[in-house]
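Asks: Here's the letter readout for the chains.
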Amino acid sequence: MAENRALALLRRVWPVVSLALILLVIAIAIRLTDDIVLEDVYIEALAKLVVVVGLYIFVGNTGVISFGHPAFMAMGAYATAWLTIPPNIKRISLPNIWPALAEAHVAVIPANLLAGLPAAAFAFLVGLGISRLAGIAAGISTFGLLMIVRVVYSNWEDWTLGFSTIMGQPQYLTIWNSFGWGIFAMVVAFAYQESRLGLAARASREDEVAARATGVNIARQRLIAFVLSAYLVGVGGAIYVHFIGTVSIETFYVDMVVITLVMLIVGGINSLAGAVLGTIAITALIEMLRNLEGGFEIGATVIAAPRGTQEIGLAIVMLLILIYRPKGITGGREITWPFAPRRR
Amino acid sequence: MTVIVQHVSDAISLGALYALLALGIGLIYGIMRLVNFAHGDFIMIGGYTIFLTAEQNVVVTIAATILMMVALALVSERIVFRPLRRASPATLLVGSVALSYFLSNLILVVFLGRPKTMSFGRDLVEHFEFLGVRIPQINFVVIVVTLVLMAGLALFLRKTTIGTNMRAAAEDFVMAQLLGVRANVVIAMAFAVGGFLAAIVTLLYFSQTGSVSPRSGLPLVIIAFVATVVGGLGSLVGAALGGFVVGVISVVLQIILPVDLRPFRDAFVFALVILMLVFRPGGLLIVQAMRERV
Amino acid sequence: MKQLSTTLAGALFAFALGTTTDAIADDHEIIIGFAVAQSGWMELYDRHPMNGALIAIDKINAEGGILGRQIKTVFADTKSDRAEGTKAGKKVLRDGAQFMVVSCDYDMGGPAALTAQAAGVVAMATCASDPKMGVQGIGRYVFSMALASQGEGFILADYGHKELNLRKPYVLLDDSIEYNKGVCQGFMERWVQITGGEKIVGYDIFKQDDASIASQITRIKSNDPAPDNLMICSYGTGLTSALRQIRAAGIELPILHGEPLDGSWWLDAVPNMSNLWHTAYGSIHDDDPDPAHQWILEEYRKRYGEPESSFYIPGYATIEAYKIAVEKAGSIDSDKVLAALETFDEVPLMIGPSTFTPDQHIQNKRPMLIMEVQGGKKIMRGYYGTAGEWKVESVFSEGDFCSKCDCCLQ
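Going down the list, the sequences are from chains A, B and C.
Under our numbering, the first residue of the first sequence is numbered 6, with each subsequent residue one higher.
Under our numbering, the first residue of the second sequence is numbered 244, with each subsequent residue one higher.
Under our numbering, the first residue of the third sequence is numbered 2, with each subsequent residue one higher.
Worth flagging that the hints you see were computed from the coordinates, not collected in a lab.
Ideal Cβ placement from N, Cα and C applies to all residues, glycine included.
A few of these clues could be false.
Unchecked claim - Ranges between beta-carbon positions, derived for each pair:
| no. | chain 1 | residue 1 | chain 2 | residue 2 | range |
| --- | --- | --- | --- | --- | --- |
| 1 | A | Gly300 | C | Lys60 | 52 to 62 Å |
| 2 | B | Asp366 | C | Arg382 | 51 to 61 Å |
| 3 | C | Arg168 | A | Ile97 | 30 to 40 Å |
| 4 | C | Pro226 | B | Leu518 | 38 to 48 Å |
| 5 | C | His286 | A | Pro311 | 24 to 34 Å |
| 6 | C | Lys163 | A | Pro311 | 17 to 27 Å |
| 7 | C | Pro226 | A | Ile321 | 54 to 64 Å |
| 8 | B | Leu500 | A | Glu213 | 36 to 46 Å |
| 9 | B | Asp503 | C | Lys163 | 54 to 64 Å |
| 10 | A | Ile94 | B | Asp503 | 43 to 53 Å |
| 11 | C | Ile380 | A | Ile97 | 35 to 45 Å |
| 12 | A | Ala126 | B | Gln420 | 41 to 51 Å |
| 13 | A | Gly300 | C | Gly65 | 21 to 31 Å |
| 14 | C | Gly69 | A | Arg96 | 39 to 49 Å |
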């Protein structure tokens with residue numbers, strides 16, 4: 006009986022456990038090669054994974070597209086810089102910041118968790134308006150958000166150094182703790198999508214009229230998803246800059262919009278598995294194209310693809326997926342328990 | 244006084260340029276619900292066309308630019324947007340983002356990053372006297388060309404068969420198809436006209452700036468995006484009006500903001516846009532056909 | 002499920018492809034790693050410095066190497082992206098780099114320089130003009146071969162005031178990148194110094210992406226008192242577009258500008274440009290007074306074709322500086338090389354006399370070449386240094402001088 010219950014539980018959480026296992030296998034495989042560059046590729050992929058899973062919480066569950074999530078990344082990135090840079094460095098690099106923050110020196114993990122809060126608060130404020138919009142208007146106004154955050158942060162010299170780069174936050178990421186962050190993101194997203202809130206949001210995505218008829222307040226569901234998503238993306242942005250080691254507003258612009266959307270869409274917009282596997286698949290694809298650009302040897306001749314092959318290849322893959330497999334490589338499904346007989 | 248006249252002419256001219264820009268995007272949206280993010284990259288590629296033909300006669304340059312951009316619009320319709328025609332507006336938009344990423348990186352590979360400069364249209368930037376104020380000819384040209392094109396477009400849409408078909412398709416695509424409007428023809432035509440409008444913007448814009456780089460398209464498409472939303476998606480007049488309003492607002496803000504706040508100019512513009520969307524989600528001009536149907 | 006496993010296999014395959022064999026230097030070699038942009042928009046700023054550095058490396062190798070060791074090179078492309086910069090830094094370190102050359106820009110080169118700093122390997126940016134590319138910013142293993150942007154503003158202020166007898170400057174700043182801000186700040190700071198407290202008569206900003214700067218032009222025209230010159234700080238298409246619109250508006254005032262105008266690439270945008278002075282590292286028009294600069298120009302043409310700018314000079318000087326430091330240290334050990342670099346006192350490099358101290362890893366007063374533009378032609382006006390001395394510490398102590406134009410007449 007107890008065994009059955011444990012099995013039932015495992016079956017229930019299998020979509021996230023299976024993804025974690027996949028990530029773990031890749032992590033171990035990479036550790037075995039003992040290549041620091043490959044490790045970095047994977048650490049960056051895991052940091053982006055947090056962002057893409059965060060993006061999925063809103064886009065995947067509500068069906069509303071967003072071009073503005075890099076704005077939340079930026080907010081998280083700067084927040085973690087304010088919290089984690091040692092006070093003696095801050096006195097030099099950010100002399101005019103709030104005195105309370107100037108003396109702050111928070112450990113990295115709590116700092117990263119806190120760093121999502123400004124993004125969530127901002128998402129709540131603007132979400133009050135944006136969640137009432139539908140379709141394309143919502144998409145474009147999220148783009149407006151990105152522009153606003155960009156302009157404000159790039160001119161808020163005392164806190165952000167403008168267009169310049171802030172340095173000094175610890176580069177603490179290893180393959181294992183970034184794996185931990187990946188798990189954290191997936192658990193948050195999975196818990197949300199399995200909850201009543203997540204179900205209501207997905208109902209509104211599938212059929213607005215029917216959802217409304219069953220008493221779902223669509224604007225409210227979208228707002229909740231938007232805030233949670235912004236929080237996780239903020240945390241992801243914080244982790245991402247701990248990887249790079251520098252914070253600059255230029256990191257969070259159109260290229261970031263493109264790459265995160267490619268990851269989500271290629272994987273499959275409607276499932277957590279899509280967000281995770283899309284991130285991994287696109288990272289692998291980019292690495293492959295990069296290695297082509299760097300040149301490889303066949304016998305005595307070195308063949309190299311022209312510089313820029315990576316970006317162009319990425320765009321073509323995205324278009325092909327949109328045209329031929331619009332639901333992404335996962336088809337919008339989660340990974341289900343493979344052993345038990347299907348009841349449906 | 245002369246300063247004010249000068250500022251007004253600056254504002255109207257920028258507004259007119261943005262209106263043309265938004266018109267190109269609005270036209271396509273009306274017919275196939277595509278907000279074309281690659282519109283700016285079309286213009287950027289037009290800039291390189293001008294650069295490549297700069298040695299030639301002006302007429303050759305203009306013809307080459309128009310041909311190039313109409314062809315580019317038609318080819319991207321055929322290869323990218325036709326297979327996506329049944330997709331949602333959001334997917335279409337994502338597709339156009341991918342196309343934009345493709346085009347700008349392709350140009351970067353071919354021409355590298357250094358801006359290319361051209362002497363094309365420099366005579367247009369000279370000034371003439373008007374009411375005691377020196378006004379750049381380009382301001383005047385932009386305003387006149389915009390008015391002529393808008394009138395021409397209105398005539399085209401009302402008086403020609405293909406134009407009427409396009410309007411019918413914009414009103415209700417399925418119904419129009421049932422009544423015998425050929426979808427492929429209408430959509431291709433819309434792209435051709437959109438490409439033509441983009442070519443005109445290209446010629447005017449690069450006369451003004453004289454240089455093009457692979458990143459030239461992005462700021463333009465952002466403006467056009469904002470403009471079409473402000474004006475009301477799906478309305479041609481609305482798009483033009485939106486472009487005009489955005490242009491005027493950014494000039495006005497540049498003038499009235501104190502120097503400390505001036506760097507934040509664009510943040511004010513975008514904040515106005517979001518407020519506008521929230522309080523009047525349909526835009527300045529609301530089009531009945533554009534209500535998202537359930 | 003089948004698709005998932007295919008994806009996974011693909012991912013593993015790709016990761017496996019990424020692994021290459023490490024190249025570790027033996028006693029007869031020195032490995033210099035280039036973590037610079039070989040693609041993307043930054044490539045255009047990194048190409049010439051990298052080629053200049055490669056010319057230096059080949060010359061040194063032909064002459065017997067450094068301490069008898071031949072220089073070997075390894076490369077990693079930052080793709081004009083910060084995260085890729087981190088990976089590029091790690092990649093050249095993995096491939097055994099004992100000295101790292103990073104991008105010509107603090108913001109873009111920073112991530113790679115950080116990896117060198119963390120590994121205790123000396124890194125030098127070819128031409129990053131932000132003093133944060135150094136001991137006060139990234140750390141003590143990091144240097145820049147450039148003159149700080151503020152120092153460039155100093156040169157332009159001195160030249161404008163003393164050589165051109167300009168008295169009423171109007172500052173027009175494109176505030177889209179830090180380099181522009183640094184040059185304009187340096188200019189204003191120095192202007193106030195040399196005039197004994199006179200102010201700038203006008204100040205305005207525009208954006209790189211502005212389609213039209215008509216309202217800024219109208220403001221220049223109606224400024225009271227009328228300016229007698231324009232100090233512009235910008236780059237790229239925004240700059241050429243601004244110059245074209247300013248001249249077309251009938252403003253014929255003398256214009257001062259920094260090194261982004263180096264080369265001839267922009268002259269078509271403003272036909273018959275006159276009355277403009279800008280700084281450069283050297284001349285690519287066969288009239289450089291320095292024979293070494295003429296030599297490298299010809300060498301460059303032979304190997305890479307006609308250069309678009311003289312940025313190969315800082316690239317060459319970067320390798321030159323490393324060679325001198327290693328020979329002085331008698332070792333390639335990073336800490337010893339670092340210590341040797343910090344004793345540089347007006348060492349005559351190809352780029353000019355260069356000084357590094359434990360507190361200053363960038364130049365603050367090295368002369369630059371002044372180029373004058375008249376009738377669309379460039380005229381070489383010789384190397385010019387400022388009499389003033391810009392203090393690197395000033396960026397890190399009292400905040401930015403004149404940042405909101407508190408030294409302007411308004």
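Asks: Run every hint past the structure and note whether it holds.
Replies: Consistency of the hints with the structure:
{"no.": "1", "hint": "A:Gly300 - C:Lys60: 52 to 62 Å", "result": "violated, 26 Å"}
{"no.": "2", "hint": "B:Asp366 - C:Arg382: 51 to 61 Å", "result": "violated, 31 Å"}
{"no.": "3", "hint": "C:Arg168 - A:Ile97: 30 to 40 Å", "result": "holds, 37 Å"}
{"no.": "4", "hint": "C:Pro226 - B:Leu518: 38 to 48 Å", "result": "holds, 40 Å"}
{"no.": "5", "hint": "C:His286 - A:Pro311: 24 to 34 Å", "result": "holds, 31 Å"}
{"no.": "6", "hint": "C:Lys163 - A:Pro311: 17 to 27 Å", "result": "violated, 49 Å"}
{"no.": "7", "hint": "C:Pro226 - A:Ile321: 54 to 64 Å", "result": "holds, 58 Å"}
{"no.": "8", "hint": "B:Leu500 - A:Glu213: 36 to 46 Å", "result": "holds, 41 Å"}
{"no.": "9", "hint": "B:Asp503 - C:Lys163: 54 to 64 Å", "result": "violated, 32 Å"}
{"no.": "10", "hint": "A:Ile94 - B:Asp503: 43 to 53 Å", "result": "violated, 28 Å"}
{"no.": "11", "hint": "C:Ile380 - A:Ile97: 35 to 45 Å", "result": "holds, 42 Å"}
{"no.": "12", "hint": "A:Ala126 - B:Gln420: 41 to 51 Å", "result": "holds, 48 Å"}
{"no.": "13", "hint": "A:Gly300 - C:Gly65: 21 to 31 Å", "result": "holds, 30 Å"}
{"no.": "14", "hint": "C:Gly69 - A:Arg96: 39 to 49 Å", "result": "holds, 46 Å"}
Checked against the numbered hints above, the structure breaks hints 1, 2, 6, 9 and 10 and satisfies the rest.
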